[in-house]
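For reference, the chains in residue letters:
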Amino acid sequence: MKRQSIDKGVHSLFLAIALFSIIFLSLIMLFLFKEGIPIFDFITVKDFLFGQYWYPTDDPADFGIFPLILGSIYVTIVSGLIAIPLGVMTAVYLAEIATPRVAEIVKPIVELMASMPSVIIGFFGMVVVAPFLQQVFNIPVGLNMFNASLMLAFMAIPTICSLCEDAIFSVPTALKEASFALGATHLETIVKVVIPASLSGICTAVILGLSRAIGETMVVLMAAGGAAMIPMSIFDPVRPLPASIAAEMAEAPFRSEHYHALFAIGIVLFVFTFLFNILADYISYRFRQTGEASL
Amino acid sequence: MKNRRKTVQKIWFLLLRLAALLNGAALLLIVYFILSRGFTAISWEFLTKAPENSMTEGGILPCIAGTIGLCLVTIMAALPIGIASAIYLNEYSGKGKIVRIIRLGINNLAGVPSIVFGLFGLAFFCIVLDMGVSLAAGGLTLAIMTLPVIIGASEEALKTVPDTYREASLAMGATQWQTIRKIVLPAAFPGILTGSILGISRAAGETAPIMYTGAVFFTPNLPDSIFDEVMALPYHIYVLATAGTNIEATRHLQYGTALVLIVLVFGMNLTAIILRSKMRKKLRI
Amino acid sequence: MGHNIKMHTKGLDFFYGDFQALENISIEFIENRVTALIGPSGCGKSTYLRCLNRMNDLIPGIRVNGLAMLEQEDIYESSVDVVSLRRRVGMVFQKPNPFPKTIFENIAYGLRVNGLKDKAKITTIVEKSLKQAAIWDEVKERLNESALGLSGGQQQRLCIARALAVDPEVLLMDEPASALDPIATQKIEELISFLSSQLTIIIVTHNMQQAARVSDKTAFFYMGKLIEMNDTDTLFTRPELKQTEDYITGRFG
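Protein chains in written order, with my numbering: chain A, 17 to 311; chain B, 1420 to 1704; chain C, 151 to 403.
If we strip away everything but chain A, and leave its shape as in the complex, we get (with noise of 0.2 Å):
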């Protein structure tokens, strides 16, 4: 009767272990919150998210993150702007179009891209980037808002290229053949068939991808300029919340109000994100595709 008994505790163990995720997921919410609420001993959560002006080491500090939270949602929409469409265009190309040696190819290179440490696309922005667009654009400095977001789209292609491929290749072949066989050519195949059939799967991939863009460190902190104002062109520096606490913590003394700020902002980067994961969630298993009979 032993190992029967060990079966069960080493059940009941892998269970306990793969509680882990959900532990670590709520400690980090419960820290985030214990040291970010205070900040709002000393401002209102109203002038925080809305305040124009970030001053944290100012006398009297000014803890208003409005230009950083536009910082984000500005550089995460420019980087879309150019990564959705690249995305979605080279997972239709791999999943549709390409010769299995070509997918071969591509697909290695796409997860080298997505495995490309950020601290070297950030410096790849700072040192080459910079500089080209300074020339080019005829601009004062080539570290802002468009640089970062080029640097940006780089890290979300490959996430929403290889969701998209899994949605795309997973369509049922036999809508396709119902559509060529009605004569229709494989790009109004891939428009009106394939494309709408994998629509929920290319949704999820996208927002997986924008939050990846969203919480990014090191590029938004090396590539972005780091201004906390309001940007007024696509090519003023600005500051995106997950720089600023990158940059400020070194600074910040334990438990000062500065601190207890960046946690804050902390919080705020991962009610984004969250958010996103939870739309991304629902997105999939509301709209799964099922088969055929889903359609």
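There are no misleading hints in this set.
Some but not every residue of chain A turned toward chain C, in silico, with C-beta under 10 Å:
{"hint": "1", "residue": "K18"}
{"hint": "2", "residue": "R19"}
{"hint": "3", "residue": "Q20"}
{"hint": "4", "residue": "D23"}
Computed from the model, here is a short list of chain C residues facing chain B with C-beta under 10 Å:
{"hint": "5", "residue": "N203"}
{"hint": "6", "residue": "M205"}
{"hint": "7", "residue": "L208"}
{"hint": "8", "residue": "V239"}
{"hint": "9", "residue": "P246"}
{"hint": "10", "residue": "N247"}
{"hint": "11", "residue": "F249"}
{"hint": "12", "residue": "Y259"}
{"hint": "13", "residue": "G260"}
{"hint": "14", "residue": "R262"}
{"hint": "15", "residue": "N264"}
{"hint": "16", "residue": "C309"}
{"hint": "17", "residue": "V316"}
{"hint": "18", "residue": "P318"}
{"hint": "19", "residue": "L322"}
Since the hints were derived computationally from the structure, they do not count as laboratory data.
Every residue gets a Cβ at the ideal spot worked out from N, C-alpha and C, and that includes glycine.
Keeping the supplied structure of chain A fixed, place chains B and C upon it in accordance with the hints.
Leaving out everything else, chains B and C in the frame of chain A:
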């Protein structure tokens, strides 16, 4: 009419091809720049010496050692937890509520921004658990970040083990744990290995989670305890490029460090990709 | 005393979710005899077989009603330990499924998981089982080679040897020869006849000649019901029901 449709299709397919090409070109461009400019910086001294003269000369040995140390801590923490979680999800659990909650947890953990992991590591490992800025704190922070990758990859690998193996073992009076340990895990091992390499390579390249938990600006010593603070390759690049004493004059060191980091990360990735494609070919036979 | 009932089911129902796959199956299996279960695909014979060692437990959403007894023990009783049940009721699958291990380790596996550590003893039993399964002469020189290098027929006999190693009282065989060529099939059938003096065998097959050749009793299943059961000779020569006759004479199925 028929011709027009064909032309439209041709144009679109060309665009799609161009999109795919553009990605490759972007990757090549970055790699080319780092490679061509970093290549000259690489020398035996660069790889085996500590930084000198306020980090404007010398090598990056402490950074290499630190990054390897962080990866080791990450592996030791994330691998057992990740594999065990995957085993639970794939081998034991049904489709109950608890599994849905666990999966939601994993998905959301995967989406947490890297800097938030850094904040958490700082507040939890460094301060509450009193590890300070150390290999242990940095490695554990990276481990939590890597966990979803390893769970995903391990689950994928477990799924490729044919059910007939499980049935044959159970039919002989083996318990489920015996079946997993002696049949399922050995068969899934190569897949788990490649997935883990991918996860660790991600940890090796991350900067934000270790900025305030494990890595420091400068320390000439190699770590000899997991409670030592370390230098790390990605953080070193950031520091030299943004806060060094003489940013322009140390460009070659920055490129050199970036090259070493890329070689390390891509090396791990390519190993995993090649291992995987070999495995797939084997499975097809 | 040659007619002990080794296993029997009484009024056994089986459901996958809402779908009833088996209805009111009552069969008695005589000790050290071969019983064949025949019927067209999807008639429930394999499902029934898998009820006898609770292999179906692995599928979520299943439900079993009625009685299934191994000697005096109700195998669906909650106190029953599935693991030791499966040791007593062994199984051979349709497709040969050796583990990706050496030939020796394939056989030794069942012994080790059941707690045997004595090396000499393991070696003895491995040899004995391989001989029992009539494959010893073919593999004795290469016990340390991978089992995946054997031919399909050899793999299947290895799987039988593997099942025999843990000394089961009943052996369930789910179309054990359907994936094999005629010569390998013949070897398996000879093996079944040889083994039937030592243990109770229940074999599912869609090959009626095979059932006629190897079994003492035959049960005919159709649409989840047991239609007719009798001595094999009787069933194949003088079936009582028209349905059975139609099937064995090839008029449907």
